[in-house]
Amino acid sequence: MTDAGVLRMTEGARSNLPPLQLHVPEPKFRPGDAVDYSHLVIPAAGAQARPDEGCAASETHPLCLDLVRVLGDDHRAVGPWDPKLDPETLRRMLRLMALTRAFDDRMYRGQRQGKTSFYMKCTGEEATSIAPAMALASDDMVFPSYRQQGILIARGYPMVDMINQIYSNKADKLKGRQLPIMYSAREASFFSISGNLATQYPQAVGWAMASAIKGDTRIAAAWLGEGSTAEGDFHSAMTFAAVYNAPVVFNVVNNQWAISSFSGFAGAERTTFAARAIGYGIAGLRVDGNDPLAVYAATRWAANRARANGGPTLIEHFTYRAEGHSTSDDPGQYRSQAERTEWPLGDPINRLARHLEALGEWTPEAHAAMDLELAEQVKAAAKAAEGNGVLGHGLHHPFRTLFEDVFEELPWHLKEQSEQAIRERRIKWPEWKED
Amino acid sequence: MSETFSMKKLNMIEAINDALDVMMARDANIVVMGEDVGYFGGVFRATAGLQKKYGRTRVFDTPISECGIIGVAVGMGAYGLRPVPEIQFADYIYPGLDQLVSEAARLRYRSAGEYTAPITVRSPFGGGIFGGQTHSQSPEALFTHVAGLKTVIPSTPHDAKGLLIAAIEDNDPVIFFEPKRIYNGPFNGYYDKPVEPWSRHKDGAVPEGYYRIPLGKARVVREGEAMTVLAYGTMVHVAEAVLADKGVDAEIIDLRTLVPLDIETIEASVKKTGKCLIVHEATRTGGFGAELSALVQEHCFYHLEAPIERVTGFDTPYPHSLEWAYFPGPVRIGEAVDRLLKA
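These protein sequences, in sequence, are chains A and B. Position 326 (the first sequence) corresponds to 326 in our numbering; numbering is contiguous. Position 52 (the second sequence) corresponds to 487 in our numbering; numbering is contiguous.
Keep in mind the hints are simulated off the structure, nothing from the lab. Among the hints, erroneous ones may be present.
Derived coverage of chain A by chain B (criterion: at least 3 residues anywhere in the stretch with Cβ under 8 Å from a Cβ of chain B; other residues may be distant) [stated by the list, open to error]: (1) 50-63; (2) 123-135; (3) 163-176; (4) 191-197; (5) 257-265; (6) 405-416.
Just a few of them, taken from the derived set where beta-carbon distance is under 10 Å, the chain B residues facing chain A [as the list claims (entries may be wrong)]: (7) 524; (8) 549; (9) 551; (10) 680; (11) 682; (12) 683.
Bear in mind that the values here come from a model prediction, so they are computed numbers and not experimental data. Glycine included, C-beta positions come from ideal geometry on N, C-alpha and C.
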């Protein structure tokens, strides 16, 4: 008899009840499975109401269970959320997304070639960084997670500096201290990426509160993945933002997968992630994350609201992580490859390109030429960065930097340890001289 | 200092309140926040009157979320403010640990100085008030273990004010643990006798206005030859009373800052006396006394005439009814002193 059976027999008074059952979520599709997305409710583009930016938070709550969409199947922009961007701006948006993808492709290959230890692509999710970066003011402070390289690209941060960081080389502004892609770029109002999940959320609220305390006009925006909404920090941030009406835009990039755990392990079987806003009484929007115009419009709505003292907004970007979590991941081990090809919301770059074509403002030939040009641009930046070294092949930062910046000033115990490290170096390489 | 400053008698709570007041008046970027710190002025009254004086956007209550309090403080620091959050009891600090350990402590390093966390986390700590396991802990060793954090513990009103001002002005994150048993008077471990109030104690005289006590500098409470006693917080007073009762000519050092540690003062004293007693209230295994013992051994081994003694709390949760059996009081300290004297 099993232990559970023994236990049940001792509970005679309740033995007429069926045994309790633990529910462990399981994704609909596993490797090799055919994929059927008919369970997803995809409303028609343009069908969602757009409340006034100054509305009561509760007026947005139906949108937390809906899906704001602008680009329809006919590639036209429709409905009240159409941001009505001019063709030049649309082409810029397209170019930035394509540049992000070209950058990802090159850096992924760089990792495979041994130039660095690690990389993370954002393929399929480009709209969730590029469109918000374009909708925010350039000096609004962003607190990204690890898949928002598009923000730096949209803000014109030098690509060579991004690659220097990825290669941890001698020109890396972070002195080779951080895992590749954990950028920090104060000049781009881009906060240092942690790598610990969701910690940036309360920090964004604190920055926004400080901006309000000082009577500033700048707001904060934060990003995380749907899996990280399970962290306590997410809920602390929601509470503080609601309590102090902080001028902050929360982005939840729901790309369906947290490494190998599907969104059900963050609660997606019960409700949407945007619906978290309902419980906190703040504004919430659920957006087609592969529709760059919808993402732009939602961000602009939330940013205008925050800047007018209307408080925080939580935006769920419903999208799909088209590639692995990182270069250390093989999604073929846990999910069906058909998920990507069957994804009903398409690809953000294709959708915007088709939209521009429908407007008569773009052609496949122009697109192909752009892709070639962007690949060359990234290649040139990568070559320039490689001149500063790649991971593990010399040209590192000066040795003493290992001990700098732990504190503003070097205390005695770190001085001692620094001397030891230099001694070790001299024992191993007697000819070595400190840079 | 008494030559240049006019002095006033303050208990430790009043001294901390005074430090906050002085600094908030000097620097508009300082904000004070925490559970019950606003209108009410804190459960220990450390922030009393500050909201009325500086307004609700500089002194405010927070949700009951230590993760949120410290995370928000990190973000405010990134903006350019200088937040002084209060964690109501050190025992409550653990939900905020990730924000301290992974964020505040590492921000300067990971961003190569682009962002810093100039925050001072104040928190009452230590037992002796019948607080049970959730209002009595001394978790300082968890923080001294973390690269990038400074840990400060005052033992007098005078030091509390000067150290808190220095902590607030410091550009690195500081954990400022306030020994709540000595908020009102220098409790000396004789729990069955009344505590002398700070108003009758020499270190209850606090200079008015701005002054700072540099972080990383210990205080020689009493010079002596028989042995060196290393202590901080409440245990400074307990050790002082026990050694006075026993008539031992000990050199008592109040560390004041655990990280960065004043190793020079420690080393000079132990080399002079040849014996070392370490006293803290926190649990023994992996406590800060272990680090002190290792450092004394590394720096003073050939001058030592006896094994280093550690007197600490026991490795149990802090009990309620058996509080005084747990507390490293006069009997436990006295026994260690006797062993050192006989050695």
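May I ask which of the numbered hints given earlier this structure violates, with the numbers listed in increasing order?
Result: hints 1, 2, 5, 7, 10, 11 and 12 break, sorted rising.
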